[in-house]
Amino acid sequence: MRKIVNFFTKEECDWFKWYHSVLPETRDNGQRLLTMTHYAQPFFGKKLQQLQGRLPSNEEITTVNINFDYSAGGIHSDGYIEVEEDIANSYLIPISVDNIDRYYTLIFDQTSHKAITFNSALGLGSKGITTYKQVTREEYGLEDTPFDKVVYDNYLKHLNYDALRGLTVDYIHQWKLGDAMIWPRENFHVSANFKNKDARASVLITTRYK
Amino acid sequence: MIELEFEKNGSLQMNVTCNEYDATVKFYGKNYNTNADDYVIINNITYNDLILPELFEFTTMTTDNEEYKNLTNVNYVSFNGTWRLKFTEDDIKNVLRKKLT
Numbered sequence: 001m002r003k004i005v006n007f008f009t010k011e012e013c014d015w016f017k018w019y020h021s022v023l024p025e026t027r028d029n030g031q032r033l034l035t036m037t038h039y040a041q042p043f044f045g046k047k048l049q050q051l052q053g054r055l056p057s058n059e060e061i062t063t064v065n066i067n068f069d070y071s072a073g074g075i076h077s078d079g080y081i082e083v084e085e086d087i088a089n090s091y092l093i094p095i096s097v098d099n100i101d102r103y104y105t106l107i108f109d110q111t112s113h114k115a116i117t118f119n120s121a122l123g124l125g126s127k128g129i130t131t132y133k134q135v136t137r138e139e140y141g142l143e144d145t146p147f148d149k150v151v152y153d154n155y156l157k158h159l160n161y162d163a164l165r166g167l168t169v170d171y172i173h174q175w176k177l178g179d180a181m182i183w184p185r186e187n188f189h190v191s192a193n194f195k196n197k198d199a200r201a202s203v204l205i206t207t208r209y210k
Numbered sequence: 001m002i003e004l005e006f007e008k009n010g011s012l013q014m015n016v017t018c019n020e021y022d023a024t025v026k027f028y029g030k031n032y033n034t035n036a037d038d039y040v041i042i043n044n045i046t047y048n049d050l051i052l053p054e055l056f057e058f059t060t061m062t063t064d065n066e067e068y069k070n071l072t073n074v075n076y077v078s079f080n081g082t083w084r085l086k087f088t089e090d091d092i093k094n095v096l097r098k099k100l101t
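Protein sequences, first through last, are from chains A and B.
Just so we're aligned, residue 1 is where the first sequence starts under our numbering, counting upward by one.
Just so we're aligned, residue 1 is where the second sequence starts under our numbering, counting upward by one.
Careful: at least some of the hints might be erroneous.
[As the list claims (entries may be wrong)] Simulated crosslink set (SDA-like; lysine to any residue; CA at most 20 angstroms straight-line):
(1) K98(B) with A40(A)
(2) K17(A) with I92(B)
(3) K133(A) with T111(A)
(4) K93(B) with Y19(A)
[Said to hold, decoys possible] A partial selection of chain B residues facing chain A, derived with a Cβ cut-off under 10 angstroms:
(5) I2
(6) G29
(7) E54
(8) K86
(9) L100
Calculated directly from the structure, the hints in this document are not laboratory data.
C-beta atoms are modelled at their ideal positions from N, C-alpha and C, and glycine is treated no differently.
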């Protein structure tokens, strides 16, 4: 399953933006403003039940974050952080999009069960990183095959082309308000470059298998 | 926007009005001579899908009992009267800040 159309209604998209506005803590990770929803708190129980009810019955939620992106991201997997678990899927749901600009998220074939990132190797330093481990191309074992130049020119010019050697693209998601883009948490992924830095926001839900 | 969860025990009748940032419940019909033990418990307050019992701090009640004419922080109702909830968006922010920081 690649996508769930209308995972959120327009009203639900607006709800998450409102919820972000009343929460006390937002972190700036160098690429986005990130707000934890505290989904496991009793006060979020009604909303959690609504979200859980839209997911496959063999998955349970492990993260719900609200992200206001102002910069395109680096390449990473949303695997487990410390304790190994049976990771399932990432669900990225746009709650705010620009009417003119187009936003994309690229999913790679390569995987990591642990949450790791190539941000430093890509020239992004520690931007976008809070808890994920930085790895080099060599540590991960990427090959030297040149990256698809057309994909690079269309989507990833914010990154160093040579640093993408060995990566291959599985799928390219285009953002649509309220639609959930889905991929396995272990798959590396990256935000395509984008122009309008003020307009886009999303909710990220990650799950594990029960 | 505001949802109230009631547990009703006996003859007290209710007329509930909920708006964006306020709610009113008129309790009536209790006969203190024949139904002295009747009561209603307001079990919870939900605002915009967030379950926030802390909002009871923003409640008042006026009753027909001289000794308990004006009450605050009310979730147990045993008199005829009017229960009111009134808060602002800043109150919601403060409630969440207290819970999370």
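Going through the hints against the structure:
Under the criterion of a C-alpha separation no larger than 20 angstroms, the hint pairing K98(B) with A40(A) is consistent with the structure, at around 16 angstroms. The straight-line distance between the Cα atoms of K17(A) and I92(B) is roughly 15 angstroms, inside the 20 angstroms bound, and the hint therefore holds. Of the pairs offered as hints, the one joining K133(A) and T111(A) holds, with about 14 angstroms between alpha carbons and a cut-off of 20 angstroms not exceeded. Using a Cα cut-off of 20 angstroms, the hinted pair K93(B) and Y19(A) holds, with the two alpha carbons roughly 10 angstroms apart.
For I2(B), the suggested interface contact is broken, since its CB lies about 13 angstroms from the closest CB of chain A, more than 10 angstroms. Of the supplied interface hints, the one on G29(B) is violated, with its beta-carbon coming no nearer than about 31 angstroms to a beta-carbon of chain A, more than 10 angstroms. Below 10 angstroms, beta-carbon pairs count as interface contacts, and E54(B) has one with chain A at about 9 angstroms; its hint therefore holds. For K86(B), the suggested interface contact is broken, since its CB lies about 17 angstroms from the closest CB of chain A, more than 10 angstroms.
For L100(B), the suggested interface contact is upheld, since its CB lies about 6 angstroms from the closest CB of chain A, less than 10 angstroms.
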